[in-house]
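**Student:** Now for the letters of each chain:
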Amino acid sequence: MSGSIFTSSIGKKMFMSISGCILILFLTFHMCMNLALAISNDAYNAICGFLGANWYAVAATVALALVVVLHFALAIVLTIQNRKARGSIRYRVTKRENGVEWSSKNMLVLGFVVIIGLGLHLAHFWYKMMFAELMGAHEVAVGAAMVAPTDGAAIVRYYFAQWPYLVLYLVWFAGLWLHLTHGVWSMMHSIGLNSKVWFKRMKCISTIVATLVCGGFALCAIVIFLQENFGILVF
Amino acid sequence: MNLTLEIWRQPNAKAEGKFETYVVKDVSTESSFLEMLDILNTQLIHQGIEPVAFDHDCREGICGACSLRINGHAHGPESEVTTCQLHMRNFKDGDKIVIEPWRSRAFPVIKDLVVDRTAYETILQAGGFVSVNTGGVPDANAIPIAKDDAEESMDAAACIGCGACAATCKNGSAMLFVAARVSSLAKLPQGQVEGARRAKAMVAKMDELGFGNCTNTGACQAECPKGITINHIARLNREYLKAKFRS
Numbered sequence: 028m029s030g031s032i033f034t035s036s037i038g039k040k041m042f043m044s045i046s047g048c049i050l051i052l053f054l055t056f057h058m059c060m061n062l063a064l065a066i067s068n069d070a071y072n073a074i075c076g077f078l079g080a081n082w083y084a085v086a087a088t089v090a091l092a093l094v095v096v097l098h099f100a101l102a103i104v105l106t107i108q109n110r111k112a113r114g115s116i117r118y119r120v121t122k123r124e125n126g127v128e129w130s131s132k133n134m135l136v137l138g139f140v141v142i143i144g145l146g147l148h149l150a151h152f153w154y155k156m157m158f159a160e161l162m163g164a165h166e167v168a169v170g171a172a173m174v175a176p177t178d179g180a181a182i183v184r185y186y187f188a189q190w191p192y193l194v195l196y197l198v199w200f201a202g203l204w205l206h207l208t209h210g211v212w213s214m215m216h217s218i219g220l221n222s223k224v225w226f227k228r229m230k231c232i233s234t235i236v237a238t239l240v241c242g243g244f245a246l247c248a249i250v251i252f253l254q255e256n257f258g259i260l261v262f
Numbered sequence: 622m623n624l625t626l627e628i629w630r631q632p633n634a635k636a637e638g639k640f641e642t643y644v645v646k647d648v649s650t651e652s653s654f655l656e657m658l659d660i661l662n663t664q665l666i667h668q669g670i671e672p673v674a675f676d677h678d679c680r681e682g683i684c685g686a687c688s689l690r691i692n693g694h695a696h697g698p699e700s701e702v703t704t705c706q707l708h709m710r711n712f713k714d715g716d717k718i719v720i721e722p723w724r725s726r727a728f729p730v731i732k733d734l735v736v737d738r739t740a741y742e743t744i745l746q747a748g749g750f751v752s753v754n755t756g757g758v759p760d761a762n763a764i765p766i767a768k769d770d771a772e773e774s775m776d777a778a779a780c781i782g783c784g785a786c787a788a789t790c791k792n793g794s795a796m797l798f799v800a801a802r803v804s805s806l807a808k809l810p811q812g813q814v815e816g817a818r819r820a821k822a823m824v825a826k827m828d829e830l831g832f833g834n835c836t837n838t839g840a841c842q843a844e845c846p847k848g849i850t851i852n853h854i855a856r857l858n859r860e861y862l863k864a865k866f867r868s
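In the order they appear, the protein sequences are chains S and G. Sequential numbering of the first sequence, starting at 28, is according to the working numbering. Sequential numbering of the second sequence, starting at 622, is according to the working numbering.
I should point out that these hints are in silico values taken from the structure, not numbers from a laboratory. A portion of the hints provided could be inaccurate.
[Said to hold, decoys possible] Far from chain G, some chain S residues (derived; all Cβ distances over 12 Å):
no.	residue
1	Trp153
2	Tyr154
3	Ala172
4	Ala181
5	Gln254
6	Val261
[To be verified] Quick list of the computed label-pair ranges, beta carbon to beta carbon:
no.	chain 1	residue 1	chain 2	residue 2	range
7	S	Ile103	G	Glu701	29 to 37 Å
8	S	Ala87	G	Met775	45 to 53 Å
9	S	Val104	G	Lys863	22 to 30 Å
10	G	Ile670	S	Ala100	48 to 56 Å
11	S	Ile103	G	Phe640	31 to 39 Å
12	S	Ile103	G	Lys717	34 to 42 Å
13	S	Ala70	G	Val814	52 to 60 Å
14	S	Val136	G	Phe640	24 to 32 Å
15	G	Thr642	S	Lys227	41 to 49 Å
16	G	Gly831	S	Phe42	17 to 25 Å
17	S	Lys227	G	Ile766	24 to 32 Å
18	S	Ala188	G	Ser868	55 to 63 Å
19	G	Gln668	S	Ala100	49 to 57 Å
20	S	Gly258	G	Phe866	54 to 62 Å
Since the structure is predicted, the reported quantities are computational estimates derived from the model, not experimental observations. Even for Gly, the Cβ is constructed at its ideal location relative to N, Cα and C.
Using the sequences and the hints, build the whole thing.
**Tutor:** Below, the structure written as structure tokens:
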């Protein structure tokens, strides 16, 4: 009579929330790791060494990839079902409803921005670091130079030192920020952890989390750009 | 005032529909929106044109019969009023008003601006009621209920089932309607007895009828003529997941 939780609308949103929560936790960890690079190359490389081609890091990477696939696949399934539910005839006049955020209505579009940025990030960094180590490579090409895959700091600094890449990554972080400002409170709402009292607080927490995570990533990229090009903000 | 109306005309559920333009003259700013449509229909009858079909009943904002998407807003541009409570003083002389029926796969158009909202009734029949014996009318304070709980329950019970939420939602989701029904009973001891069964049955029926999935945009609460908030959706999510995991 009541159907399976796996196929119910609320069940699917619960899995969307759980996968989103795991990804936010990972992003927070990654942002902290990046901030270490702005302070010390050695500190960053030490973390990279800990997360290199070790079995636990590889297992975590595979698990994370599965979570990304689940989150994205659910988003596609939900969008297809929702478009079908909307019907084939659209309204002639559409107006933005009071208090409705643009991001809340464009989460899939923002999700695509995040995925494209993720592809760029994987090609620039993960492929030349963890993947190269797994393949047994001792050196990888970074621009004209050859760098050890264990020297993550040199690889990251090479890309963030160039303004076109810096701009690309900043656009990505902005897309991620918009995605998270809705995603964080929506995640709590979908699993029922919200109420009349907590509604505004959740939205505020959501903005704070999104700003801390994306601001941290952006700050790291900008500081590295300034360090590499102008020799300032070197700690 | 004189107005130009663009109205969706559709002879029956199977026929193709299209917008028709009509000019309605000498409308009083004191009249309600539905009275303005009555004036238009009188004009159309005199011209030998089929009058525009639209739903209405109580005309005082409590029955949920009226609907209409007016210039891109469910129940018109004013917040927290139904179409029958909308007055022509909200428009200006010479305005063009676009009037559309609810658009949602679960609400098929029957004729012109009239849609079939049986789907909401079907969801209610799945569990939106109390079937245990709650006895006779109790003394006012026989069952103590916290003021906040009573108020939240009454806020949710204000839902008139007009369908504006699903018709506004970009996902065609009926979550605000189901949440209001589940929430109003979940906050009261009489409703809590069947809370788990109710949440599971109503959500299952909502999914079965082809409504979409809620993505928490909040568009439904912005357009709800009774000001029902999406906080009730959080409660429905909680009630449903709790019920599912316990069973």
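**Student:** Hint by hint, note whether the structure agrees.
**Tutor:** Status of each hint after checking the structure:
1. Trp153: At about 30 Å from chain G, S:Trp153 clears the 12 Å cut-off, so the statement holds.
2. Tyr154: 33 Å, holds
3. Ala172: 46 Å, holds
4. Ala181: About 42 Å separates S:Ala181 from the closest Cβ of chain G, which puts it past 12 Å; holds.
5. Gln254: 40 Å, holds
6. Val261: 44 Å, holds
7. S:Ile103 / G:Glu701: 29 to 37 Å: Cβ of S:Ile103 to Cβ of G:Glu701: about 36 Å, so the range 29 to 37 Å holds.
8. S:Ala87 / G:Met775: 45 to 53 Å: 49 Å, holds
9. S:Val104 / G:Lys863: 22 to 30 Å: 24 Å, holds
10. G:Ile670 / S:Ala100: 48 to 56 Å: 51 Å, holds
11. S:Ile103 / G:Phe640: 31 to 39 Å: 33 Å, holds
12. S:Ile103 / G:Lys717: 34 to 42 Å: 39 Å, holds
13. S:Ala70 / G:Val814: 52 to 60 Å: Holds, at about 59 Å.
14. S:Val136 / G:Phe640: 24 to 32 Å: 29 Å, holds
15. G:Thr642 / S:Lys227: 41 to 49 Å: For S:Lys227 against G:Thr642, whose Cβ atoms are near 44 Å apart, the range 41 to 49 Å holds.
16. G:Gly831 / S:Phe42: 17 to 25 Å: Check passed, 21 Å falls within 17 to 25 Å.
17. S:Lys227 / G:Ile766: 24 to 32 Å: With a Cβ separation near 25 Å, S:Lys227 and G:Ile766 satisfy 24 to 32 Å, so the hint holds.
18. S:Ala188 / G:Ser868: 55 to 63 Å: Since the Cβ atoms of S:Ala188 and G:Ser868 sit about 57 Å apart, the hinted range of 55 to 63 Å holds.
19. G:Gln668 / S:Ala100: 49 to 57 Å: 56 Å, holds
20. S:Gly258 / G:Phe866: 54 to 62 Å: Check passed, 57 Å falls within 54 to 62 Å.
When the structure is compared with the earlier hints, no violation turns up for any of them.
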